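Asker: Sequence:
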Amino acid sequence: MAQSGSFNLLFDRTAGGGQESSSDDTSDEDSPPQGVDFSLLACLNLSSAEKREASSGSVEEKPDKGDRETTQGRQGNDKAKTGKKKVKAKATEAPPEQVPVKQAEEDFRIELINIFKAFQKSKAQEYLFPRDLSNLQRKFIHAESKKYGFKSKSTGKGEKRFLRLTKYMTLTTKDSIEKKFELHESSLQVLRDLLQKHPPSAQELFNSAELQMTSEYNHHKKHASRKGKRKGGGNRAELWSTEKVAAELEALRLRRKERRCAAVQRTREALPISARKREILDLVRNNQIVLLAGETGCGKTTQVPQIIAESCWEEGKPCRVVCTQPRRISAISVAERIASERGESIGQSVGYSIRLEKKGTPQSSIVLCTNGVLLRQLVQKGHFRADDARNQSEGLVEGLTHLVVDEIHERDRFVDFILIILRDILPLNPNMKVVLMSATLQIDLLSSYFGNCPTIQVEGFMYPVEQFYLEDVLKFVGFAKAGGVSSEMAAPPELERAMMNAFIAGTDEAFEELMGEALAGAVEGATGSAPYVNAVHNTTGATALMVAAGKGRTDVCTVLIEHGADLGLASKDGKGKAKDWACKFGHHDLAEMLISREEESRKDRNKQSETASMLNQYQLSIDQDEVDLKIIVELISFLEEDQSFDVENSKGAILVFLPGWDEIIRLKNLLESSSLGDGLAVLPLHSMVPVPEQRKVFQKPPKGQRKVVLATNIAETAITIDDIVYVINSGRHKEKSYDPYTGVSTLLSSWTSRASEKQRKGRAGRCQPGVCFHIYSTSRSDSLLDFQIPELKRSPLEEVCLQIKVMESNGLPVTQTTKSGDSTVKTFLSRALEPPVPEAVQQALELLETIGALLPGEKLTVLGKHLASLPLPPQLGKLLLYSIIFGCLDNVLTSACFSAYRLPWVFPVQQAARTEADKARNAFAVGVPSSDHLAAVAAFNGWRKAEKKGYAWKFCNQNFLSQGTLRMVDGMRTQIAGGLRDAKVIRNLGESSTFCVTGLERSVLDCGYYPQIGYMKRLELERVAKQKDKMKPSLMTKRGEVVRIHKQSIVSKRSTSKRTEEEADPIFAFGEVTRNDRGLNVSAVTELPFLALCVVAMDLQVEQAPVGEDGCINSILIIDGWLKYLVPQMYATYIKCLRGRLSETFAFLIERSWDADMPARLTDSVAALREVMIIEAGGDQARREFTGQYQGIGRKSGGRGRSGRYNGDQGFARTDHGGRGP
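Heads up: the sequence shown is residues 1 to 1222, going by UniProt numbering.
Since the hints were made in silico from the structure, they are not lab data.
If a hint is listed, it holds; no wrong ones were tucked in.
Simulated restraints, written as ranges between beta carbons of each label pair:
no.: 1; residue 1: Tyr463; residue 2: Val264; range: 18 to 26 Å
no.: 2; residue 1: Lys948; residue 2: Ser687; range: 21 to 29 Å
no.: 3; residue 1: Lys651; residue 2: Tyr901; range: 36 to 44 Å
no.: 4; residue 1: Ile443; residue 2: Tyr901; range: 34 to 42 Å
no.: 5; residue 1: Glu600; residue 2: Asp678; range: 47 to 55 Å
With a straight-line Cα cutoff of 16 Å, these simulated EDC-like cross-link-like pairs (lysine to aspartate or glutamate) come out:
no.: 6; residue 1: Lys758; residue 2: Glu466
no.: 7; residue 1: Lys984; residue 2: Asp1157
no.: 8; residue 1: Lys793; residue 2: Glu735
no.: 9; residue 1: Lys826; residue 2: Glu849
no.: 10; residue 1: Lys317; residue 2: Glu250
no.: 11; residue 1: Lys157; residue 2: Glu513
no.: 12; residue 1: Lys1038; residue 2: Asp1065
no.: 13; residue 1: Lys277; residue 2: Glu310
no.: 14; residue 1: Lys157; residue 2: Glu512
no.: 15; residue 1: Lys139; residue 2: Asp623
no.: 16; residue 1: Lys859; residue 2: Glu798
no.: 17; residue 1: Lys668; residue 2: Asp678
no.: 18; residue 1: Lys1038; residue 2: Asp1099
no.: 19; residue 1: Lys793; residue 2: Glu834
no.: 20; residue 1: Lys734; residue 2: Glu626
no.: 21; residue 1: Lys668; residue 2: Asp628
no.: 22; residue 1: Lys736; residue 2: Glu1072
no.: 23; residue 1: Lys630; residue 2: Glu672
no.: 24; residue 1: Lys139; residue 2: Asp625
no.: 25; residue 1: Lys793; residue 2: Asp739
Since we're looking at a predicted model, the values are computed, not measured.
Yeah, the Cβ is synthetic: ideal placement off N, Cα and C, and Gly gets one too.
Input sequences plus hints: build the corresponding full structure.
Answerer: This is how it looks when you write it as structure tokens:
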């Protein structure tokens, strides 16, 4: 049997990379490359177990699922009888018995993903599929290729028709056309005055091709210069004294004698984990690290921290048990649950620490936190030793005696990073104990990683959970009973026209067209069901088979029958079945053949699996990449009527797992607008929901209503909703992935893992017997990965790489296994439990070097040290430093926080509300029509004003804004501004926000987002004419990829009617690029002024241009090797000079504190560049407003205060933004 991992990558040709993407099925290329092997899809015969191993290149036998009923058992279940069920919602239609079975489509989808992944990892530039693909399969390949960043194109005709995949190729100057660019006359005057006052040196003119913005970070020098400046004293994490421990233990015992606490104590003692208490404590006491695999419901999350803490107290020892959780809501809810069980309020002996919020004291014995919070403390402290004097300040890790890492199976990048650090620091801290916990722990892998450390498995207390898959769900909701989608499937307009044309004209060409439409989706050269072969004409009820029979086309009838044409269907116009059509029009031989085939078909139909046929037809009727929300509504309607499941509370709460917020809102609206609405309390559970609203899911619903919780994977682990009886599992989640081969992030709805399936099922049996419905087939379940791919292998690694270098500078043993000359970062990450691919690490290092965080040889710079200290991605951290230089920090800080978290817009489901939301969003963009980032800032500033006046909620409601997001960003601003003050980069936010002018802010935003830029792609001339000279909202990047500007962007409707062919295409900067079903997208962009790009580009080459017809001497500027601009020669002098001086200013800022002296040459240059950026963004009017608003700026004052020190432009008048605290 062929193995999918051993596919031949058919064709490797770099020349193919530059072709245009197309889904067009016509081409002049009729022949494939010579020697091509077309055994590609032999792997489609792989077993389900083999498919799970296909992407790794090996096929191993997998055991059957032990925790799932067999298909035969489920099919025989009494619950599957639908005859007695009354469903309120309209039943989904099911297939008629006559449709032949064909299950290849889902298998094809599963296997195609493995093909794409193999091609993605290979060095091949081109890949060919064979010709025997159906139209539906071709369509799926075209759609899926966009998700992976490939071009797809069908070429050739007939037997010489092939489908080709190619990868994008990086653009060079060969692909670029020289564009003219001219500065505004006012800008030129500013620059002339600057260079007259401070003439450029020879070094500035000849050594500015590449920017050098910072020097290498010297840890010892930095600490020596600030020795003695450390804040001392208060709030150190000193553990309790022995006397304090004894007093707290006695108080705990007294509380537990109270009636309420006594009942809680009995519940705790009944948990399976309590029976293993002694064994757990012995293992922890005698080993430094222990693995605990506790089944769902065993009580590990809430009890293990308490067991450890109470054991220490009973021995008279103080302790600090830090327990990590993957999510904020889990950390909060678990901390509250533990505190409640101990009869105390949160914040006493039990606390939590999450981003921007914490409760508890430095002496709290049990602290819950997120993985990210713990990692940042581990990285920033350095020299992590319990006896180290430097380790005595406030923080999570100070005084830590036990670390419990829960839900480790989720494997986010923080957890994998923490595991590497723990393996390094545990030998330095022999008294520190670590417990790793999960319900689905990969025991062998983790145990071997930590030197075969001991493990303990705790059985969970789970009530029985009955589970069903899609095959059963379709029966529950009446899919089969309703007659099916194919019993009267309406023909698409194209097929209707083809029927009419074939019946009237009767030509070969007409019947070729008819067969093409009727057999869409059928495999070429093979027999089997085609989804439209039995589609009926809207008026006559005729099928393609009837038309062919009426015209006596035996050949066409034979092909249609082989592809599932139903000979038993009759038309509406009285002509009868296909045999009757043949008789009516005098084709008696054909009629006899049709009668014979009908009898044979009836016998074959009786042998087919009804369930398989029903499942196949259902899957063909929906978009399998989306969750079918209607069938979930029907299933909930079925549960409202059904009383026959073996559960104590048939009206118990329902938990629905969905991939994302959009699906949650849409399903909520569907439920509330259905006949079920009044009887349901529908509660969303998502990170976008405020914490007080999230807590409602744990409360009882109003009398007479059934609670329905709509959640993402946030509800999979660590939280228990007591009254859940039914779980509906869509099987999908939104997973953010990163393509290291293209540098693009993806946020797509994808299939979950088997471990996740088990966790979701377990939510139904926590407190009583339950039922779980999986809205996917058993075949799909068998294909799921055992565990989710670790986030470290599917995320950008810039932050991780930078933190590794900071750890190295702080003295943590990063380099202990690094050989001389090897990459420190690569070697460190190679020690991960499952290391990321080398390409991802290399790309991260290249980006860090591009933005100046690292020097060649992975040397950490002063800039890199500053960027690592900020809780932002490195590029956004650099953006803030630019804004400090130009005196516009306030609004840029807000924008950076939005980029790091999420934009504040709310997108309603209803079309009318969406229109209103678009209007509100566009209203915020009135003053910034070329910047989504600044439109969000305007919304934030409006919200802050509304909050001060007491109508923030109303403001958000009217303008479709998320108040939760706005509050989060507000807190982030405070945190980051405080970090900048602590680093002595600024004195306060107001003094660094003197020049909050839109044109300047737009330029600075672009400086920070570099090198993520692209030019707005111009349509071909004929398309421009057809679309009334409107530019298609897309950008062309250096990699040659077309990136769509999302329709929700305010820039998406930009007109280009005034642009000439010679004018430069507008350049846009953007943040994260995501890939979805339609290809690459950016949701927020800002137009980049030409001069801003020139001064921040890492590489700028100048070439002499031929003398123009007007005798002018011009230069060609080549930016980063792919953008070319034709400019007057003097521009090159201005730009080189400005690049060098901005670089010096940047280095000055980050290597000295805010009160250091700065040379006048630099302050004057920054002031001139600031003024030019404003002029270029808005012309003379912007300059007049600017110079009128800020007295004494620019060439005269040079942007310096009266003291002659660089102090954030303290001496100037401020806008309304100035002087405001964070």
